[in-house]
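> Just so you know, the protein sequences line up as chains A and B, in that order. Position 44 (the first sequence) corresponds to 441 in this note's numbering; numbering is contiguous. Position 105 (the second sequence) corresponds to 205 in this note's numbering; numbering is contiguous.
Keep in mind the hints are simulated off the structure, nothing from the lab. Note that beta-carbon positions come from the ideal geometry of N, C-alpha and C, so glycine has one too. Be careful, since some hints might not be right.
For lysine-lysine, the following DSS-like pairs were computed, each having C-alpha atoms within a straight-line distance of at most 25 Å [stated by the list, open to error]: (1) A:Lys498 - A:Lys433; (2) A:Lys498 - B:Lys126; (3) A:Lys433 - B:Lys126; (4) A:Lys448 - A:Lys467; (5) A:Lys498 - A:Lys448; (6) A:Lys433 - A:Lys467.
Residues on chain B that point at chain A, a partial pick, calculated with CB under 7 Å [stated by the list, open to error]: (7) Pro143; (8) Phe145; (9) Gln148; (10) Leu190; (11) Glu202; (12) Gly206; (13) Pro207.
Away from chain A, derived, C-beta distances all over 12 Å, residues of chain B [said to hold, decoys possible]: (14) Gly116; (15) Gly128; (16) Asp162; (17) Phe169; (18) Leu182.
Here is how the chains run, residue by residue.
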Amino acid sequence: GQQLNQSPQSMFIQEGEDVSMNCTSSSIFNTWLWYKQDPGEGPVLLIALYKAGELTSNGRLTAQFGITRKDSFLNISASIPSDVGIYFCAGQPAGGTSYGKLTFGQGTILTVHP
Amino acid sequence: DAGVTQSPTHLIKTRGQQVTLRCSPKSGHDTVSWYQQALGQGPQFIFQYYEEEERQRGNFPDRFSGHQFPNYSSELNVNALLLGDSALYLCASSQTGRVSYEQYFGPGTRLTVT
Numbered sequence: 398g399q400q401l402n403q404s405p406q407s408m409f410i411q412e413g414e415d416v417s418m419n420c421t422s423s424s425i426f427n428t429w430l431w432y433k434q435d436p437g438e439g440p441v442l443l444i445a446l447y448k449a450g451e452l453t454s455n456g457r458l459t460a461q462f463g464i465t466r467k468d469s470f471l472n473i474s475a476s477i478p479s480d481v482g483i484y485f486c487a488g489q490p491a492g493g494t495s496y497g498k499l500t501f502g503q504g505t506i507l508t509v510h511p
Numbered sequence: 101d102a103g104v105t106q107s108p109t110h111l112i113k114t115r116g117q118q119v120t121l122r123c124s125p126k127s128g129h130d131t132v133s134w135y136q137q138a139l140g141q142g143p144q145f146i147f148q149y150y151e152e153e154e155r156q157r158g159n160f161p162d163r164f165s166g167h168q169f170p171n172y173s174s175e176l177n178v179n180a181l182l183l184g185d186s187a188l189y190l191c192a193s194s195q196t197g198r199v200s201y202e203q204y205f206g207p208g209t210r211l212t213v214t
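Input sequences plus hints: build the corresponding full structure.
This is the structure in structure tokens:
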């Protein structure tokens, strides 16, 4: 089935630093979503992307839909302690048979040192 | 505005038993999807319900079944539980149409099978 490769698997950064993570697929996606999950909670939707090349921001977060439609990137600027958590990319594969069926990456664990 | 709610929060069952998990979607949403999240992994799509019917299904055995009610709430049933069914079960709701790719998750039900 579809697989998303998310990297890096984990990051340890200092408060105030910028963070970049990405997600790649071997096949084309129609939609890319980025979620954050805190321990014991469900994932929270951060950003949704619908068009190749689209760049969307949500506060200090910026995400981009790759031109090839096979990748997406998430950047966090000026990180703060509450950014700690697991970040997941998720995609909606192209093709009508996959409608509504999100595929998730393995997650990036972010640790921010004060 | 009430978000997605799930019950129960935690559940412990014995191998071979059956379990029912419940989900109420976010206000205004008519589509419910269920995901299984093993420890350290991203969520895996189980199935999606719309208009009280299963619209999409992931690679899960028939032991996993569901139901959607006229008020859009949903149940996930798992029969003949296996130790490997231990996971966080997440419900996500969305609204039919372009934004249906934007799925909003509940806090999950932690199922432990002993």
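> Decide, hint by hint, whether the structure agrees.
Results for each hint:
1. A:Lys498 - A:Lys433: 19 Å, holds
2. A:Lys498 - B:Lys126: 18 Å, holds
3. A:Lys433 - B:Lys126: Distance ~18 Å between A:Lys433 and B:Lys126 Cα, so the pair holds.
4. A:Lys448 - A:Lys467: This hinted pair holds, its Cα atoms lying about 12 Å apart.
5. A:Lys498 - A:Lys448: 18 Å, holds
6. A:Lys433 - A:Lys467: OK: A:Lys433 and A:Lys467 at ~21 Å, within 25 Å.
7. Pro143: Interface hint status for B:Pro143: holds (5 Å vs cutoff 7 Å).
8. Phe145: 5 Å, holds
9. Gln148: This hint holds: B:Gln148 lies near chain A, its Cβ roughly 5 Å from the closest one there, short of 7 Å.
10. Leu190: Check passed: Cβ of B:Leu190 comes within 5 Å of chain A, closer than 7 Å.
11. Glu202: 5 Å, holds
12. Gly206: 5 Å, holds
13. Pro207: 5 Å, holds
14. Gly116: The assertion about B:Gly116 holds, with a minimum of 28 Å to chain A.
15. Gly128: Holds, since 15 Å exceeds 12 Å.
16. Asp162: The claim stands: B:Asp162 keeps its Cβ more than 12 Å from every Cβ of chain A (closest is about 18 Å).
17. Phe169: Its Cβ never comes within 12 Å of chain A, the nearest being 19 Å, so this holds.
18. Leu182: Holds: least Cβ distance 21 Å, greater than 12 Å.
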